[in-house]
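**Student:** This is what each chain is made of:
2 protein chains.
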Amino acid sequence: MSDRRLTEHVHIIGAGLLGTSIGLALAEKGAEATLADVSPTAVRLAVDYGAGRPLKAGDEPGLIVVAVPPDVTAESVARALGENPDALVTDVASVKGSVLAELHELGADVSRYLGTHPMAGRERGGPISARADLFVGRPWVLAGHDGINYRRAGAIEDLILDVGGVPIEMSVEEHDRSVALISHVPQLVASAMAARLSDGSNKAIGLAGQGVRDLTRIASSDPGLWVQILSANAEPVASILTAMRDDLDTLLAALADPEALGARRAIADLIGAGNAGVARIPGKHGDDRRFAQLVVMIDDSPGQLARLLTEIGELGVNMEDLRLEHSPGAPIGFVEVSVVPEAEASLVEALQARGWRIAGAS
Amino acid sequence: MSDRRLTEHVHIIGAGLLGTSIGLALAEKGAEATLADVSPTAVRLAVDYGAGRPLKAGDEPGLIVVAVPPDVTAESVARALGENPDALVTDVASVKGSVLAELHELGADVSRYLGTHPMAGRERGGPISARADLFVGRPWVLAGHDGINYRRAGAIEDLILDVGGVPIEMSVEEHDRSVALISHVPQLVASAMAARLSDGSNKAIGLAGQGVRDLTRIASSDPGLWVQILSANAEPVASILTAMRDDLDTLLAALADPEALGARRAIADLIGAGNAGVARIPGKHGDDRRFAQLVVMIDDSPGQLARLLTEIGELGVNMEDLRLEHSPGAPIGFVEVSVVPEAEASLVEALQARGWRIAGAS
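These protein sequences, in sequence, are chains G and R. If you use this note's numbering, the first sequence closes out at 388, no skipped numbers anywhere. If you use this note's numbering, the second sequence closes out at 388, no skipped numbers anywhere.
Hints are supplied without guarantee of correctness; some may be wrong.
Same chains, same label: a pair holds when it works inside one copy or across any pair of copies.
[Unchecked claim] Under the rule of at most 25 Å between Cα atoms (straight-line distance), these lysine to any residue pairs were calculated in the SDA-like manner:
1) Lys229 to Ser197
2) Lys55 to Ala379
3) Lys229 to Glu195
4) Lys55 to Leu251
5) Lys55 to Gly163
6) Lys55 to Ala68
7) Lys55 to Tyr176
8) Lys55 to Ala113
9) Lys82 to Asp112
10) Lys229 to Arg178
11) Lys55 to Tyr75
12) Lys55 to Gly250
13) Lys229 to His171
14) Lys229 to Leu377
15) Lys229 to Gly173
Everything labelled a hint here was simulated from the structure, so no lab data went into it.
Work out the full structure, taking the sequences as your base and the hints as a guide.
**Tutor:** Written out as structure tokens, the structure is:
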């Protein structure tokens, strides 16, 4: 507890996934947090989970975190600023420009407001899905604006650090453009692709492999929430989407006559541009070139996988990532283990010596 | 070995990923296979891996499998038909209509040809990446046409079953439309999305989470191969892509004025159509509702994960799937374990009793 930075009493408005997770994370640090929500049930549930206590008369929170749906965020922030004249107020909505603009319209005192956006979430919402570790290691944007400086908002950065997040400073505009690119447009693209699947025969859908599955995974998102997000960030989203639409038009022209001069090159150019774009994503997923992948065949049972991982541990090799791949009903599975390239050859040899079957190495 | 169906000597033309994998799988069944390739090195490598022996004078294969790049498939099939007047010939190219059309043009005897397409592959190609189990549990399309009936092509179905694949009968046209939907268009969509990432700032890309990562994973595919595939299946691909382009235009109109009547509904309709489309994909990935997911927190070390899986095994619970999720540099990781819903509550309880920290359950 001694490593806690935050000293203020934090009040969280909105006991959904994010609000409750913040409360749980603060509770772990021994910080004082209170909760409110338009739904008394949500508050009771969040309190039961240990995310804080209900607000009571006489409470004077120093920091207020508004964690309500995007379309009521500005209104809720304005009210919090008005009712708590000494408190610093932040929000966690996924679009920042529209909130700030609405606060200006409402005449709110934005010298005590700095919006933020934690890059964390789960496919399921609500306090039941909350977890204290939701923000650990995740970027959490502090969206700066002219009305306040980052130093005045120090308590917000303390909160982010206390719950395990990584504070990233960006302007409001930079934030909104960034999330349009790495979150909002991907959502629309996944949805547009998934929508096409409705036209396919059952036989066609039955052929679906990992590629289309990964591509459409996020397409099961909530339409109501996304209407709010997308309409609040319409311009940056439209700008990227227009460029994509133009790329598709170029492709369609090439596909209309693949034998025409330049047609094959137009197709290759797009695939090549995709190669270049995806290579920019840091981290360890997909076919990250920073790590070597080796594929080990196992019986499709937890015992086998456990034994494999135990032996990798015994060999002193640090596993960077792991993917389990098995077909429904198949008696065997494949484990793709990512390790630093230097470790690959000796690991393959050592595992083979122990009787493991290496189905492939990079 | 007694369960082998195939009796013919199989000759494989093309010692790449697919050809070599077929050879390896046949070898496991004790079937006789020979290999040829324009690259003598590839053949030697495939033979070294145990995928068969080189073809020798006097060999009379009963079944020839052409596993060469799409743009030389028809030519190679026609030559095989001509040189082996009694043999049945198949190929494994990922587009079937263009191969058949070219064979007709070449005047080949298609009464001994039936094209197929195994829905299996890996991100890396070549004989080195081959594995005997590549086809286990995977759909393998037999693309029927008027010149031959499935019964005449019985040996091809035997081969598919012997290597562990699941034979699916489709017409050539049905196949090409199906793969356009579940493979070719997804490739283009992933590439078009990934291409946009080149415009983002490093800070923006640094915010990338699992959604955009999954969405662009296949964007690192080989442009040369995809130019061949897409130009050979241009019409079905263009038809789906046109519908997507039209959906994007509808969206762009809505985003141009999100306050206009009907704009929010247009956005919600697309997200909703995506919900419906993605729900059609069978299997256990993403947020498959057939299984319950629980998330367990672990130290980011192979030892911890091994211990968890050992204990799940000890508890007698069958793990349906496993996903490891951890941020680069973070000292902890999350393991998402999928189990049948009936097993969830007791597993959560048992794991907690053993001191595991459950970060979330469905």
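**Student:** Could you run down the list of hints and mark each one as holding or not?
**Tutor:** Here is what the structure says about each hint:
no.: 1; hint: Lys229 to Ser197; verdict: between (49 Å within a copy, 11 Å between copies)
no.: 2; hint: Lys55 to Ala379; verdict: between (47 Å within a copy, 23 Å between copies)
no.: 3; hint: Lys229 to Glu195; verdict: between (49 Å within a copy, 9 Å between copies)
no.: 4; hint: Lys55 to Leu251; verdict: neither (31 Å within a copy, 53 Å between copies)
no.: 5; hint: Lys55 to Gly163; verdict: within (16 Å within a copy, 48 Å between copies)
no.: 6; hint: Lys55 to Ala68; verdict: within (22 Å within a copy, 60 Å between copies)
no.: 7; hint: Lys55 to Tyr176; verdict: within (23 Å within a copy, 68 Å between copies)
no.: 8; hint: Lys55 to Ala113; verdict: within (21 Å within a copy, 74 Å between copies)
no.: 9; hint: Lys82 to Asp112; verdict: within (17 Å within a copy, 89 Å between copies)
no.: 10; hint: Lys229 to Arg178; verdict: between (60 Å within a copy, 23 Å between copies)
no.: 11; hint: Lys55 to Tyr75; verdict: within (15 Å within a copy, 56 Å between copies)
no.: 12; hint: Lys55 to Gly250; verdict: neither (34 Å within a copy, 54 Å between copies)
no.: 13; hint: Lys229 to His171; verdict: between (53 Å within a copy, 17 Å between copies)
no.: 14; hint: Lys229 to Leu377; verdict: neither (39 Å within a copy, 40 Å between copies)
no.: 15; hint: Lys229 to Gly173; verdict: between (58 Å within a copy, 23 Å between copies)
In the structure shown, a violation is registered for the earlier hints numbered 4, 12, 14, in ascending order.
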